[in-house]
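Enquirer: Read off the chains here:
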Amino acid sequence: MSEPTAPTPRTRIRRLPELGVYERERIYAILDEALYCHLAWVGPDGDPRVIPTIHTRIGDTLYLHGSSASSTLRAIKQGLPVAIAVTLVDGIRFARSMFEHSMNYRTVIVYGLAQEVTDREELTKVFDAITDQVAPGRSADARPPTEEELRQTTFVKVSLDEASAKVSEGFPEESDADLALDVWAGILPLRTVPGEPLDDPLLKPGTPRPGYVTDWRRPGAGA
Amino acid sequence: MADAPSDRTRVHRHPERADYDAATVHAILDEALTCTVCWVDADGGPRALPTIQARIGDILYLHGSRAARAWKAVAAGAEVCVVATVVDELVLARTSPTHSMNYRSAVVYGRAREVSDIAELRAAAKAITHHVLPGREDDAAEPQDDDWRETLLFAMPIEEASAKIRTGPPMDDPEDLDLDVWAGTLPLRTVAGTSAPAPDLKPGIPAPGYLPRNGQEFPRP
Chain G
1 MSEPTAPTPR TRIRRLPELG VYERERIYAI LDEALYCHLA WVGPDGDPRV
51 IPTIHTRIGD TLYLHGSSAS STLRAIKQGL PVAIAVTLVD GIRFARSMFE
101 HSMNYRTVIV YGLAQEVTDR EELTKVFDAI TDQVAPGRSA DARPPTEEEL
151 RQTTFVKVSL DEASAKVSEG FPEESDADLA LDVWAGILPL RTVPGEPLDD
201 PLLKPGTPRP GYVTDWRRPG AGA
Chain X
1001 MADAPSDRTR VHRHPERADY DAATVHAILD EALTCTVCWV DADGGPRALP
1051 TIQARIGDIL YLHGSRAARA WKAVAAGAEV CVVATVVDEL VLARTSPTHS
1101 MNYRSAVVYG RAREVSDIAE LRAAAKAITH HVLPGREDDA AEPQDDDWRE
1151 TLLFAMPIEE ASAKIRTGPP MDDPEDLDLD VWAGTLPLRT VAGTSAPAPD
1201 LKPGIPAPGY LPRNGQEFPR P
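Residue numbers (the working numbering), protein chains in the order written: chain G, 1 to 223; chain X, 1001 to 1221.
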C-alpha cells in the first residue's frame, strides 16, 4: 500500500508537474472522499463514452457501479480499458488578473482494465463498501442484497496500479505588475455540507434517524 | 419533451430519468463547477481530464493548456465527450441495492476547436470567470495578449447532448417497506468557508460584495 504508483506516460502530470502526486495513501484519500466519479471508455464505434457513477475502494482495487456500461463491458471478456476521473474542489483562488484565477483542488485519474465482479463473496463485500461510501455505518442497517439482486447489478473492478493525483493549494501567485492592481485577491474555501434529512413519505412511523444521517460527513472531510 | 439527438446520447438505463431539452443540459453545465473531458488517444485508449467550463449560448468553452499533452489530441480534432455532474441528495433506502443519489448530469458529444479569435478569447475568459463566481468577471483584470501563450481555450457546440436526472425518495419494493430501517434523503449543499485575503494583498482593498460569507450558499450562474 505504501508503494507509490509508477507514473506512466499517461498518468505523469505535465502541466504544473510539481502538483503531481503518486503516493498511494494520498491518492486513496481522495478516492475515498469523493461521492462519485466519471467513468470513460471507448464505445463500439471507437468514440469516447462517459458516465457518472459511484465507486468504492477496497485495498488497492477500485470498484464501480457499472450497470450503464454493462453491455459494452460484457462484450469484452478480457477487460474494458477505462479512464476514471475524480475531482474535489476545496476552494476558489481569486487572483487579481483573470488569467491567474484557479482553484484549490484534488483530482485523481485512474487508468486500467475494468473487469466484471462475478465472485459472490466479493460482490457482497462491494455492496457493503459502496453502501458505507454513501454514509459510513449504513451497511450495518440496510438489508443486504438477495441472490436475485446480486445477479442484476453490475460492478466492475479496476486495479489502482496506474493512478495519479494532482493537488493544488495555496494563494495565487502573480507578477509584480499584477500585485499593484486594485483588485481583491485571496481564497474562498468551499465545502459540502448536509441539510436537514427528509424522511421517506412511506417511512414506518417511529423509525429513528440514525446518527450517520444526522451527523453526516464525508470520510476524511474536515468539520 | 425533446427526443434524444442521437443513439449514443439516449439513456438506456432508467430512461425515465433522461432529459434532452437544451435548457436542462445548459443549467447543469452552468451549475457544475467543473467537468471531465474524455477522448480516445492515439493508442485507442480512453483518456479523461478534469477541467473548468463555461457556456455562452449553445457553445461550451473548455479550459485547456499547452503543456498538458493530452489537449493536443483535442486540438487536432479528436472526438470528445464532456460530462458534468451535480449531486443534490443522498438517497438512503432500506436495502443496500436500492441506495442511490439524486443527481443531475449532462453529457455533450462532439469536437472542440481551439479558440484563436482575440474577441472570442476575451468573451470566453470572462464567461469562465463568471462561471466561477458571478460578479467577479467585472472586477478581475482582463487578459493581456501574451496571457494566451500558455492557456488554451476550446469551443464545442452543445448539439449532441443529454441530461440524466434522479429526484425523489427511495424506491424500495413494497415487501421491504416494513423493515425497521430509516429511509429518506439527505440534501447536500456547497457552502463557502471564511475567505482569506492573499498575504500580498494591497492594503485597503475590502473583500468584494459578491464573495459569499462563511456558511452562505456558493452562488452559481
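These are computed hints drawn from the structure, not numbers from a lab.
A couple of the hints might just be wrong.
[To be verified] Label-pair ranges, simulated between beta-carbon atoms:
#1 Asp-1058(X) to Asp-182(G): 34 to 42 Å
#2 Ser-159(G) to Ala-1023(X): 20 to 28 Å
#3 Asp-199(G) to Pro-1208(X): 21 to 29 Å
#4 Asp-1058(X) to Asp-45(G): 45 to 53 Å
#5 Ser-159(G) to His-1012(X): 36 to 44 Å
#6 Arg-209(G) to Asp-1007(X): 37 to 45 Å
We put the CB at the ideal spot given by N, CA and C, even for glycine.
Enquirer: Please flag the earlier hints that this structure goes against, numbers listed from lowest up.
Expert: As far as the earlier hints go, 2, 3, 4 and 5 are violated by this structure, in ascending order.
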